[in-house]
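Peer 1: Sequence:
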Amino acid sequence: MSHHDANPTPSVPWPVFPVPRLITMGAGVLGFFVALSAAVVIVVALVASPREWWMVLSEPVVLVAGLVAVWLALGRFREAPGLTLACVAGGVALGSAMGFQGSGRSVGEVSLVPWLTARMAAALTLGVLGALAVLARAPERSLRPLVVGLASGVGALSMLVGWQQGVVGRGLGGLPPGAQLAAGMGLAVVFGGLLATSVHALVVAFKAAPDRP
15 MSHHDANPTP SVPWPVFPVP RLITMGAGVL GFFVALSAAV VIVVALVASP REWWMVLSEP
75 VVLVAGLVAV WLALGRFREA PGLTLACVAG GVALGSAMGF QGSGRSVGEV SLVPWLTARM
135 AAALTLGVLG ALAVLARAPE RSLRPLVVGL ASGVGALSML VGWQQGVVGR GLGGLPPGAQ
195 LAAGMGLAVV FGGLLATSVH ALVVAFKAAP DRP
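FYI, the numbering for the sequence shown is 15 to 227, going by this note's numbering.
To be clear, the hints were calculated from the coordinates, so they are not data collected in a lab. Only a predicted model underlies this, so the values are computations on that prediction, with no experimental measurement involved. Heads up, the beta-carbon is just placed ideally off N, CA and C, and yes, glycines get one too. It cannot be assumed that every hint is accurate.
Quick list of simulated restraints, FRET-style, between CB atoms [to be verified]:
id, residue 1, residue 2, range
1, GLN179, VAL218, 42 to 50 Å
2, GLY118, HIS214, 37 to 45 Å
3, VAL43, TRP177, 34 to 42 Å
4, SER172, ALA111, 45 to 53 Å
5, ALA111, VAL54, 15 to 23 Å
6, VAL213, LEU81, 30 to 38 Å
Based on the provided sequences and hints, a complete structural model is requested.
Peer 2: Here's what the structure looks like:
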């Protein structure tokens, strides 16, 4: 017997973090309804005339993702609940988007926009639950930077929406050219500052979570 066999290196168990039951149960319930909707869509796509093969091929991805969320609620994937929910959210979003585009954004005369909106909302919720599963490891260290990051992100997003909707342009339209330039540069600096603060604070919030229980 070799020295290596006589003294095997002990395996280090993967750390298991306690996750609030509300997070896993919420993900499980939402995953169940997502999986159920995927099963219904597959049947509808098969009986539609003509058949919606893109949805037949893409909805199983959503179905499996929803079932993974249910398995998480039942106690599986305890080593990486945050990563699991991130993969689930990505599967729901990707599968839904593929079916939406491949089917031409409608089934017969029925628009799929409301359906896609609901799916994306479900994917976003699952992603948020995954983030909360990570942040719950050390809430006393993660909460403050999380609030700062979210507040700054909302501010930056509000400015972006205002620019896209023409609100900023109308507000600056009545100013002299020099004042428009100065105000525009000032708003750009504020937007950049809010965006940078949001990204930095969110990174700090997630880094505050320990690697081991």
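Peer 1: The structure should be examined with respect to each hint, and the outcome stated for every one.
Peer 2: Outcome of the hint check:
1. Checked against the hint of 42 to 50 Å, the pair GLN179 and VAL218 fails, with Cβ atoms roughly 32 Å apart.
2. Between GLY118 and HIS214 the CB atoms are about 42 Å apart, so this pair conforms to the stated range of 37 to 45 Å.
3. For VAL43 paired with TRP177, a C-beta distance near 38 Å keeps the hint of 34 to 42 Å intact.
4. Separated by about 26 Å at the C-beta atoms, SER172 and ALA111 break the suggested range of 45 to 53 Å.
5. The hint said 15 to 23 Å for the Cβ distance between ALA111 and VAL54, and at roughly 18 Å that hint holds.
6. VAL213 and LEU81 have their C-beta atoms about 33 Å apart, which keeps the hinted 30 to 38 Å range intact.
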